[in-house]
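Participant: With the hints as a guide, bring the two chains together.
So the protein lines, in turn, are chains A and B.
With our numbering, the residue at position 52 of the first sequence is 52, and numbering never jumps.
To convert, count from 1 in the second sequence and add 1000; that's our numbering.
Hints are not guaranteed to be accurate.
Said to hold, decoys possible - SDA-like cross-link-like pairs, simulated, lysine to any residue; straight-line CA separation at most 20 Å: (1) Lys1015/B to Ser96/A; (2) Lys1015/B to Ser1344/B; (3) Lys1015/B to Leu136/A; (4) Lys215/A to Arg1443/B; (5) Lys1257/B to Leu1091/B; (6) Lys1230/B to Ile1256/B; (7) Lys61/A to Pro74/A; (8) Lys215/A to Cys5/A; (9) Lys27/A to Pro137/A; (10) Lys1118/B to Ile1256/B; (11) Lys1138/B to Asp1109/B; (12) Lys1015/B to Ala138/A; (13) Lys1015/B to His135/A; (14) Lys1015/B to Tyr97/A; (15) Lys1015/B to Pro137/A.
Keep in mind the hints are simulated off the structure, nothing from the lab.
One-letter residues, chain by chain:
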Amino acid sequence: MLELCEVSKLYRRPDGTVTALRDVSLKLGAGDFLAVQGHSGSGKTTLLLSAGALLAPDAGKVLLAGEDPYALSPERRAALRGRKIGFVFQQFHLVSYLSVRENVLAPSLAVEADGSAARADELIARFGLSDRVNHLPAELSTGERQRVALARALLNRPSLLLADEPTGNLDAANARTVLDALAEFADAGGAVLLVTHHDDAAAAARHIVRLTNGKLEGGA
Amino acid sequence: MTLWRLVRREILHRKLNFALGVLSVLAAAGSLAATVTLLRAHDLRTEQIVSAKIAEVNREVEQRRQIAAASAAELEEAYRKIMLKFGYNLLILPADQSVTDYHVGGGADTYMPEAAVKTLSESGIMTVQHLLPIVQRKQVLVAGDRRLEVHLVGCRGEVPLAHRDPMKPLLSTVPAGGMIVGQEVARELGVKPGDSVRTLEADFQVIKVYEARGNQDDFSAWIELAQAQKLLGVEGKITGILALSCVCTRAQLDEIKKDIARILPGTRVHTMVNDAVIRYESRFQAAQEAEARKTLARRQGDRDIERQRESRAQLKGEIQSLTGWIVPLILVGSALAIALLALSNVRERRREIGVLRALGLRSRQVFAVFLTRAVLTGVVGACAGYLAGFAAAAAWARSPALSEIFDPALPAIALPAAALLAALASWAPATLAARQDPAVVLREE
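So that you can see chain B by itself, here it is in the shape it has in the complex (with noise of 0.2 Å):
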């Protein structure tokens, strides 16, 4: 006979005390369980949910990061066949001529020797792509019964500069009796290609007409230089020379102007900022856009993620301090049901206690057995309280994952918290127990 076996054989006689002694741990037990289960799956869901958000902003983000780059790489495509087609136009004039003359009025009235082009051209000069010569003038065409002011330019095709390979021509060539017409005068003359058109006294076949431009080349018309120096009575001279450079920015003008300055003296360059400037300009805004709204969207996330993460610190905040007096509440009131039960327990062994304390056992072994059954009931009370409160709070986080939200230092330490609990409530049941006078019992008889 042993004391375990004393304290087993009365557990399964008073079943019903045990149970209730029981049911109260597990309420503690579970209660500390599920608020703790809960708070770990709170936690695990918040990371979820923040993982989410900063993936779902980092994807946004690299679209638009993608976006800022195809818009980038959109830009330098476009720049580099705007610059190969137009580049930055420099208008390489006479220095005493006027430039607001030699647009609005025309044409130029000074003229620089046609030699400069040549001059240039054999100058070495890195920046500048092709060089045409040109003379301008505004001259009367006629067509049939119809006459039109056009600015009328003799041009001829791209000088090779002498330090590299020949480049396909920038500008068609126009054949002496032949001339291109802009889309304005076209409509205006009525004149399409092969029709007959008239200048200067001489006849001209129309061969080409350009697209509409939106601009003076729409009332322009070109011929051969050679020729239009000689119906202009200008041979050997011209009014400018067209130099367009590519692959250089606007930075770089500045030095080309100068290195034009240099070569050809007694002459100024102008820019002419055309539509490619303009497109290049508003590209370089639409790519800074670009940017600037990825920097937007990882800001607006990264505060989405930040809002995000303080209503769930918030949220966990309420619970903690709804269970922070649920809990000890619960805890509290668990103890007393244990000390009652273990108080009724005492009280109805009583007879019992005193004949054993007869037979000659000592306080301490009626204090052990007391301890022990309240340590029993603490640890089967825990077990099932621990595995009800888990599920229970699994459940109610629907949380598929229950591997990730057991923790377990949780039943390490809700198992012997619940025994020291069942046994602390215990504690002054067993010492009555232990201190009853078993000579008052017996002597009751």
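In isolation and in its complexed conformation, chain A is listed as follows (with noise of 0.2 Å):
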């Protein structure tokens, strides 16, 4: 589903040049729930944002379903990406303006797929939001917005879900239902890349590496 190999980024800042990632190489299949931990700064987000096709490495491979996204015109990568890949963030980054409905089918932006509505009505009841649907980011509770991200990362069925820290401003009973969904659907098949500090987050990964200034240690 995810291999990267031997990825490295470099950040170059006029202070200096930092290495975000060095020479990473990791492995997701279909079932597989992986949790990178490191303390802030160790390249966590570097590393979600290459897995997410988003962040172009300096060296090395990231292959996605088999295929390189840093091969692909921005645009097919784009379109690769709102096929294949779901995010969920710290921050939620859900749309201000739109509704919890209207957020959670934005994917469909991207990608045109019949059952869309139907697909994001599902995915609302399932993260007990039905009262919520009509409600703007502003009117939910953190948990809620998680929640609502959630179920947007899931809208066009991708089969890798990569989260950075999506329990990080969460209670704990929030946080579990975010944990569970996100194991449930490895158990589904899909492939989940989490990045966090939080031993507790991690623990409900099947597999935890850790990631020191950018290098990963413990394999996966």
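Facilitator: Spelled out as structure tokens, the structure:
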């Protein structure tokens, strides 16, 4: 599903070059749920973005469903992203002026698929948001917002779910709901890459690796 | 979910930004609509003013034409009457008679046979209407103890022209023993109708006093021709014939004179220019003057119209030159405002763009979102601007007929032009949004 082969990523700044990822290799297949743990600045988000076809590595290769997204044109890469990947962010990143239902449906702007509306309603019901369908994000609790973000990530039935500190702003109960959902996704045959510095969150994964100064320790 | 829905929801969410964008387009479209409408209203007003002026000039010219026509008609009528009454007097005298002596001396010293008048009347001359044989000489009239030298004229009624129906005599017939006197004669002698006057050792009764004529007639006295011939000892002779013609012009007089000279050899024909001719001349002049004034009024009117047109054209030029730089300035200002607002919108939605791109939206879709928003801003702003500009211009021009100043081409052009303006102004910010790297935004968390 997802394969990173000796991926390196450098950030060049006026005060010097920062190595965010150093020869990172990992492989995720159907049903895998991998947690990457690391401190702030260890390169977790860079890893997630590179894996998500959003940030081209300086070296190494990323394969998504056997295809190198960075070898594609930006437009085709975006399409691939829309079809194959679901994102869950710590800050949720819901569109502030769209309702719950519209936010869940937002990925359908990228991938035209029949039954998007029904799928959205199904996910909304599954995450207990049916009574919040027409609410704006500002009218929701943080837990509800993250559930909306989860529903949005799952709309296009992706094969890979990339979660960046999805429980960082949640209480224990809501965090559990999210982690259960990720595990459920993996159980259903999807692949999950979770980056977090919380041990509790990482514990929900089937495999855990540690990222220290851009270097992966523990292998996956 | 569609991009259109996304655009609509965003506009409703960020009303102020959209309203400011609309306001910018409104200013541009409004100023353009107001300018074009004002110029159109100005053109219409010019047409109205010029049309009114043309109508006024036409009225004035028509009035003058009517005056000229009336003068001409009056002249014609007067001429007809005058010529009927007086005609061009032709005096036929023996060839060796001095005209000066005849007039100044008060009479003639040569004679022609009275039969000449019969010859002339039977000649068939068409232009002469009346023939009056006369004997004229200076004589003293006595009334009581007063004496006065007068022109004594022996005359008889008109000699009918043989070739036409008898006409009413032009001069009164004086019966034998009767006398008609001129105004001055009556005043100097102190006589009135019924009084007795003596001359040539014969008594005459005044039967009529002519009103003052201001000429020799005022010092004349008329008696019956045969009696005058007898008293003067010139029976069968006359001193001259007055031939009074009518319905002829001065140009025809030479022809008439030639005719008479042919019919009556040994005579000379003299033209007696009288009051009628003078009046004819003056009225002819009046008619010519009226015609000249009519022409002058037309020329003056045409000049006024031209001046009015030039003045309005100059005013229009001033408006055009003023709006020629104000409108483009407003357009540029509006475009800048739209661009800045679009840029502000892009910056405000930076994270949203990043997330949408992460969700799989292509950069062209992002570009379309911002461009659609811009076009919508342009269309709404253009509609509102056109209505506002048109209403303001109509109110300013005080034009009651809105349909006349409404130009359907203007909204048809203004709407797409405003949409294009907004789209062009938003092009760079939309491109910026489309090129935004989602990874940069997501890494900023």
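Participant: Please go over all the hints and tell whether each is borne out by the structure.
Facilitator: To see whether the hints hold, each was checked on the structure:
Taking the CA atoms of lysine 1015/B and serine 96/A, the gap is near 14 Å; set against the 20 Å cutoff, the hint holds. For the hint linking lysine 1015/B to serine 1344/B, the alpha-carbon distance of about 13 Å falls within 20 Å, and the restraint holds. For a cut-off of 20 Å, the pair hint linking lysine 1015/B to leucine 136/A stands: about 16 Å separates their Cα positions. Among the hinted pairs, lysine 215/A with arginine 1443/B is consistent with the structure: their alpha-carbon atoms are about 18 Å apart, no more than 20 Å.
Between lysine 1257/B and leucine 1091/B, the direct Cα distance comes to roughly 10 Å. Compliance with the 20 Å bound is thereby established for this hinted pair. The hinted pair formed by lysine 1230/B and isoleucine 1256/B fails the criterion: a straight-line CA distance of about 32 Å is larger than 20 Å. Note on lysine 61/A and proline 74/A: the hinted pairing holds, with a Cα-Cα distance of about 17 Å set against a maximum of 20 Å. A hinted pair counts as satisfied when its Cα atoms are at most 20 Å apart, and lysine 215/A with cysteine 5/A qualifies at roughly 13 Å.
In summary, the hint linking lysine 27/A to proline 137/A is not supported, as the alpha carbons are separated by about 35 Å, beyond the 20 Å threshold. The straight-line distance between the Cα atoms of lysine 1118/B and isoleucine 1256/B is roughly 17 Å, inside the 20 Å bound, and the hint therefore holds. Among the hinted pairs, lysine 1138/B with aspartate 1109/B is consistent with the structure: their alpha-carbon atoms are about 11 Å apart, no more than 20 Å. For the hint linking lysine 1015/B to alanine 138/A, the alpha-carbon distance of about 17 Å falls within 20 Å, and the restraint holds.
Straight-line distance between C-alpha atoms of lysine 1015/B and histidine 135/A comes to about 19 Å, which keeps the hinted pair within the 20 Å bound. With a CA separation close to 12 Å, the supplied pair lysine 1015/B and tyrosine 97/A stays within the 20 Å bound. The hinted pair formed by lysine 1015/B and proline 137/A meets the criterion: a straight-line CA distance of about 18 Å does not exceed 20 Å.
When held up to the earlier numbered hints, the structure conflicts with 6 and 9 and fits the remainder.
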